[in-house]
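Here the protein sequences line up with chains H and D, keeping their order. In this text, residue positions in the first sequence follow my numbering: the first is 1, and each later residue adds one. In this text, residue positions in the second sequence follow my numbering: the first is 1, and each later residue adds one.
For the record, the hints were derived by calculation from the structure and aren't laboratory data. One or more of the hints may lead you astray.
Partial pick of chain D residues on the chain H-facing surface, computed with a CB cut under 8 Å [unchecked claim]:
1. SER88
2. ILE182
3. LYS186
4. VAL189
5. VAL205
6. THR237
7. LEU246
8. ASP274
Since this is a predicted model, take the numbers as computed values, not measurements. Ideal Cβ placement from N, Cα and C applies to all residues, glycine included.
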Amino acid sequence: MKLLVCIKQVPDLESRFKPDAAGVWYNETDLAFRMNEYDEYAVEQAVQLREKLGEGTELTVISIGPDRVVETIKKALAMGCDNAAHIQDPAASGKDPWQIASIIAAYSKDKGFEIIFTGMQSQDRGSAQVGVTIAEQLGFACTTTIVGFDYDNGAITAKRELEGGIKGVVKLKIPALVTCQLGLNTPRYPTLPNIMKAKRKEIVVIPVADILREEALAATVSFHPPAKKGGGIVLEGDVADLVEKVIAILKDKTAVLR
Amino acid sequence: MKTLLIGEYREGKLLESTYELPGFAEKLGAETAMLLVGDESQLPVCNGTLYLADAATCGEYNPDLHKKLILETVQKENPDYIVFLHSSYGWDLAPRIAASLKIAQISEVIGIQDDGSFEVGACNGKMRRNVKPAAGRAVITIQAGAFTAAEPGGTPTVLKVTAESGGALEFIGYEPAEKKEIDLAKAEVIVSAGRGVGKKDNIPVIAALAKALGGELGASRPVVDAEWIAHDHQVGTTGQTVSPKLYVACGISGAIQHLAGMKKSDFIIAINKDKDAPIGEIADVLVVADVMQFVPALTAKIAK
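With these hints in hand, go ahead and build the complete structure from the sequences.
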């Protein structure tokens with residue numbers, strides 16, 4: 001059985017973001033990049049399934065982006081993916097979700113994947129579109145935002161996380177795609193031997209121009225910080241002073257302290 | 001301009017959030033028609049055309065069938081925008097419609113701009129993007145709570161619709177939320193821990209402040225996922241929605257899902273070392289400090 005997991009490299013979200021020169025995305029200077037958190041759960045679930053199915057199962061990881069994404073691909077390989085595809089695209093951040101999904105669908109078309117895993121959304125863009133759109137383009141069954149996964153005999157039983165903590169249980173026949181929510185499993189840390197082993201795993205490099213045939217359906221016209229609403233007080237300085245100020249505010253504005 | 005609004009039922013009940021869809025359409029200055037897969041005895045109180053499919057036969061979660069219903073209604077109504085809530089139902093279905101029609105989807109819209117673009121969040125709520133569809137038409141999902149719900153009123157003109165089931169997905173059933181040992185909704189004071197507290201060993205420090213203030217301990221999602229605090233303490237869209245007299249957010253950056261669960265608190269104090277953390281947008285007081293330095297000092301002072 002052939003499995004695919006799709007991952008994105010994103011900046012550390014604790015960073016401070018500034019618009020780039022064109023004002024349509026963030027300036028990458030000083031940003032540290034890592035695997036999109038949702039995708040870590042997708043990789044872990046794919047690796048667990050690969051381990052469960054054992055011999056004859058092949059798990060491929062795919063990522064789109066400039067050369068820096070190879071670092072994140074290597075992490076997925078060290079977590080247990082067998083091989084990788086790097087769709088080389090220095091301008092990936094300018095592609096819309098339709099184009100990103102089209103690239104992955106085009107790559108997957110003749111590969112015979114039966115289950116595809118993605119994160120439910122990326123932390124930087126947050127569109128929550130790519131996974132479902134890949135499934136639509138490939139004609140795969142699809143469900144989203146899963147927090148439980150089981151595969152048996154050609155069918156996936158997945159638990160979807162709904163609002164207010166309720167879950168919805170669904171069964172999908174393969175070929176199928178699932179988008180993974182945080183908390184689905186506990187993503188493993190790659191061990192040193194597995195990091196070494198990953199260095200020998202194959203990464204196929206495909207220039208994006210060889211594979212992308214679709215125009216964007218949407219364009220970002222501006223990237224900017226939120227408008228400051230004001231009203232709130234910002235307190236900075238020495239901890240002891242801050243404590244005094246907060247105590248005074250609590251006494252003044254709430255009935256909590258008397 | 002015309003919108004097709006796709007509302008939601010859950011376990012037989014019309015979701016209140018459905019009224020945010022006409023709220024969005026009103027702001028856009030657009031005509032509306034609505035499509036619901038629901039129950040005739042639980043109709044929304046509104047005017048206009050309502051395409052209604054029966055959830056008893058069509059299922060509340062049956063994406064292939066719902067897709068068919070929506071696409072057929074799009075043919076009849078020819079809307080400029082097909083609008084969903086950005087919810088577990090909306091973000092699941094919207095890309096299927098956008099892909100079928102090969103039109104843009106704009107996700108989790110929070111604002112409408114004069115240039116025809118839509119404002120959405122980026123980078124975990126720290127930044128914003130304005131996005132414009134290439135062609136006029138688009139599928140849109142709106143962020144829960146971003147648009148004021150329309151006042152209920154009027155009577156819809158109901159047109160019944162149905163579609164054949166099919167597809168490779170079967171809905172098995174709902175699983176209730178885990179039983180809560182504490183009811184945060186009743187708490188007057190909540191002190192919540194976020195990822196910024198650093199590690200599980202630091203949680204008692206936050207719990208001590210909660211105790212000193214006579215309140216309950218809350219948590220953001222990452223802290224619950226990491227099993228630092230049990231799920232029944234989680235505040236946010238997938239946890240509990242709260243509105244205490246005082247909410248203290250310790251090391252919580254303020255992801256949209258968390259803010260949605262606590263922004264109605266009477267008074268919000270946030271402690272975060274990042275001055276630009278999105279929690280600062282809704283906090284009455286943002287204390288820029290290291291949680292592990294500030295919180296113990298505050299607790300000690302209160303205890304005196």
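Hints, verified against the model:
no.	hint	result
1	SER88	holds, 5 Å
2	ILE182	violated, 14 Å
3	LYS186	violated, 16 Å
4	VAL189	holds, 6 Å
5	VAL205	violated, 14 Å
6	THR237	holds, 6 Å
7	LEU246	holds, 5 Å
8	ASP274	holds, 7 Å
When each numbered hint is compared with the structure, violations occur for hints 2, 3, 5.
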